[in-house]
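Protein chains in written order, with the numbering used here: chain C, 79 to 353; chain H, 82 to 366; chain L, 185 to 614.
Keep in mind that the hints are not guaranteed to be accurate.
Unchecked claim - Selected chain L positions facing chain C (in silico; Cβ < 10 Å):
no.: 1; residue: Asp329
no.: 2; residue: Leu456
no.: 3; residue: Ile457
no.: 4; residue: Arg470
no.: 5; residue: Arg478
no.: 6; residue: Met570
no.: 7; residue: Glu580
Read the hints as simulated data drawn from the structure, not as lab findings.
All residues carry an ideal CB built from backbone N, CA and C; glycine is no exception.
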Amino acid sequence: MIAETQEVIPALEVHNLSASYQRKPVLWDVDFQLPQGKLIGVVGPNGSGKTTLLKNIMGLMEPDSGYVKLFGEDLEKVRHRISYVPQRESVDWNFPASVRDVVEMGRYRKNRLFKRLKAQDHQLVTEALERVNLLELSQRQISQLSGGQQQRVFIARALAQQADLYLMDEPFVGVDAATEEALLELLTEMKNAGKTVVIVHHDLQTAYEYFDWTVLLNTRLVAAGPQESIFKKELLQEAYGGRLTVLSKIGDLMARKDFPARETGFKEKEGLGDG
Amino acid sequence: MSSAGFYIMATGAVIAAACALLGSFLVLRKMAMVGDAVSHAVLPGIVLAFLISGSRGNLIMLVGAAITGVLTTVLIELLHKKARLQEDASIGITFTWLFAIGVILISSFTGQVDLDQDCVLYGEIAYVPLDLLYTSSGTVLGPRALWVGGGLLLLVVIFVLVGFRGLKISTFNPEYAKALGISTAFWHFSFMGLVSLTTVVSFESVGAILIVALLVVPAATAYLLTHRLKAMLLLAVLFGVLASVGGYYLAAALNGSIAGAMVTVAGILFLLAFGYSRWENSRKA
Amino acid sequence: MDSLWTFLQFKDATLQLVTAGTVLIAMGASVVGCFAFLRKRALVGDAVAHAILPGIAVAFMLTAAKNPLILLSGALVSGWLALYCIEIIQKTSKLSADTAIAAVLGVFFGIGILLLTHIQHSDLENQSGLDRFLFGSAASMSTADLLTYAGVALFLLLAIAGLYKELKLFSFNPEYAQVLGLPVKTIRRLINSLTVMAIAIGIQSVGVVLMAALLITPAAAARAWTDRLLVMIFLAAGFAAFSALVGSYVSFSATAMPTGPWIVMSLSFLALISLFIAPQRGLLARLNRQRLNRIKILTENMLKAFYNLGERAGTYQKWLTAEDLARVRDFTHAELTQGLRILRKKHLVIPKQSGYRLSRQGLDEARRVVRLHRLWEMYLTQRMRMKSDHIHPNAETIEHIITPEIEEQLLRELDFPEKDPHSSPIPYPQ
């Protein structure tokens with residue numbers, strides 16, 4: 079029964095999502111669905127809106143249009159099933175905290191913020207630390223860690239959250255080859271346990287072998303699907319072959335003229351609104 | 082030691098401790114200058130509160146003045162986001178403007194407000210022992226400022242204890258906190274509200290401008306010496322208390338402002354910690 | 185208003201001198217402030233202003249004199265020391281810039297207050313007037329003071345004029361300046377020295393606490409009006425000069441009033457107005473742009489509604505009512521009234537008792553909008569791989585922003601298509 083519904087309900091559905099910074103469009107009507115239980119890469123050149131996409135999925139930004147469904151529901155209903163791993167550089171690692179302190183944050187919940195963590199929470203934190211091989215370093219100050227270790231702290235924090243869908247922003251950046259391999263093994267393990275893992279990744283070379291599925295992004299969606307259908311010369315060229323000049327001209331114009339990304343109150347009447 | 086001396090040091094110590102606790106989070110949130118701006122910008126609120134209530138220490142008036150501080154942070158945000166002015170300029174314009182209004186109000190109502198420019202600059206902690214509270218039977222309870230400061234410290238301690246996790250996660254990684262569904266806006270505003278209230282309460286004792294030093298310097302000193310948040314908070318309080326005790330004696334020796342001397346001692350402690358942390362870093366390297 | 189008249193006549197020689205001095209000082213500080221603003225170092229300026237206090241106190245204690253040059257030297261030394269401390273703390277510890285600035289500001293000021301109160305409580309003669317540095321009081325300056333400070337202000341302005349090119353390049357892009365082989369280190373030291381000097385004299389007029397405003401506020405106000413540095417500098421100097429006059433006037437007419445806060449009030453007022461009404465960058469201009477966008481979108485949508493009804497009926501000559509238009513699209517009553525009024529005024533529709541129809545010109549314009557909509561839908565499906573059932577909402581917006589130049593490019597890239605993805609014909613100009 080469960081297996082059946084899992085096949086039907088996508089882990090993530092992004093519907094006509096548009097987003098902009100100060101009116102300059104960063105995502106143009108991105109629209110795709112991702113299945114459950116896969117290791118999925120979000121791939122595209124610099125500035126192609128990968129991080130913006132994750133932020134919109136996590137409700138950290140207000141989209142101009144479109145919506146996101148997670149396991150067929152709104153984010154608020156399934157928040158506990160979703161885990162977000164921000165970019166490593168997005169925090170100040172000089173913050174006075176130990177490895178364990180940070181991983182414990184994965185057990186924080188908004189309505190339990192004032193209560194002590196339970197024994198079970200501490201158990202889950204320990205297990206998460208063990209899985210990323212940081213148990214011996216759990217009392218270490220976070221600023222004294224290497225880049226790869228800091229990345230593992232973030233992943234342990236996500237693991238401690240016990241989610242079903244993981245959204246990770248560039249987890250392989252600043253990580254040495256051995257750690258990268260170990261991380262990939264861990265991610266594959268998670269996938270085999272039925273979790274869905276979505277990873278923002280900028281390296282096209284490794285993307286093919288790492289993931290089962292890929293979302294190819296360049297401010298617009300170029301393609302989303304299983305590896306074989308994505309890694310075609312034509313599609314890759316479209317994603318990496320530079321911006322569409324018309325698109326960037328229109329984007330600049332919208333920012334300069336303060337143009338709304340969507341007409342306010344736009345409603346078309348059924349069947350009549352064709353241009 | 083005279084009881085007056087003790088009262089002054091104790092009042093300085095409770096205020097410095099409250100400032101040190103909140104200041105630690107200001108430093109970690111990289112909002113030290115916003116704290117500075119708030120401590121300047123509450124001035125018009127304080128003057129108006131005095132004008133309306135005709136006295137200090139009225140609780141509603143304290144809160145009213147503190148709201149000015151929170152509004153300052155909102156105004157800074159507005160200038161930055163809506164008028165698209167760069168952030169440092171938004172801070173600078175907002176606090177100088179509000180502070181100027183405060184000084185003008187003081188000058189306009191000299192007769193009616195028991196405030197002068199010296200008090201604005203470095204407070205009147207020396208006069209603390211003159212304003213005592215008594216029980217109905219006439220027993221001395223101690224200076225009013227000490228009780229108010231003690232109440233503030235209690236409030237801050239409760240806030241930091243109860244809100245420890247919320248403050249920690251929304252400071253270290255606000256985006257992750259939001260992803261967990263935690264309201265970072267709630268933590269931001271309740272925290273800034275308390276910072277604002279602290280600047281209003283401290284104003285009488287140390288003036289508007291030296292508060293930033295009490296907020297930031299002991300916290301920064303502690304931050305240089307430890308890697309643990311709890312240790313940082315405790316050390317910051319310790320340095321704040323040391324500064325107020327040391328400041329009292331320094332001021333007595335030099336016959337100068339006690340608040341100024343407290344900050345000078347805090348600065349000396351910072352210098353020592355800074356030297357130590359550099360020495361330790363070079364030893365490790 | 186009598187006092188204003190007396191003030192403006194400048195009959196009083198002291199008044200002339202004080203006002204001229206204040207204006208010159210404010211101008212000097214605001215011009216240097218433009219560079220501090222562009223380098224995003226506004227708050228460092230605030231810290232330096234506070235940090236000058238102990239320098240002045242020590243200079244006075246050592247010489248027991250109020251010679252302006254000696255006090256100025258003390259100010260420069262401690263200002264420089266503060267800058268150095270901020271830099272060292274930031275570079276060699278984990279403390280962030282804002283903490284370094286706030287800590288230096290607080291500690292230096294605390295030491296300054298300690299020393300100043302020490303001087304006041306001691307029996308040193310001639311000590312009165314030192315606290316004027318705190319809130320600024322140009323009126324209490326002696327002629328010798330004024331001449332010295334005005335001289336320094338003049339020197340600042342000349343130095344900036346002489347080194348304008350180098351300073352400009354350095355402020356906008358220090359890396360590029362270094363690549364070009366400019367002595368970046370020397371320029372940085374120079375610009376820092378000029379800033380410290382400007383602050384040291386500026387506190388004469390507005391005082392230590394409000395000095396930051398004299399650096400930042402005129403610059404921010406001027407920046408709202410222009411993208412050109414030279415214009416910005418002149419505007420900032422103008423705002424500062426005007427505000428210095430306001431401050432001098434107020435403290436002339438009400439002697440209890442300090443000059444500084446009124447200069448700052450005037451500056452803040454000018455800045456808020458500028459941020460509000462400046463063309464292009466101002467809030468009002470932005471709101472107006474948004475209003476014009478809305479009107480453009482509304483009228484073009486109405487033209488489209490006329491066109492759609494005509495397309496279906498096979499003729500564009502039929503007279504249509506507002507209700508007919510509302511059947512094609514959700515226009516509110518107010519929108520219909522406003523839109524039809526504008527279209528009529530532009531002669532894009534012809535009114536008659538029984539309704540409206542498109543004029544020739546209106547039909548051309550309607551065809552243009554429909555063409556852009558359908559062209560953009562083609563672009564979305566062909567170039568952006570969007571499914572044809574997802575493209576309409578996006579095209580609804582973009583059709584209003586495509587310029588003739590972009591239209592031409594679209595036509596070329598799509599090779600002048602005849603039908604859109606929904607197989608509706610793309611109307612070309614006839």
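query: Hint by hint, which ones does the structure fall short of?
result: 1, 2, 3
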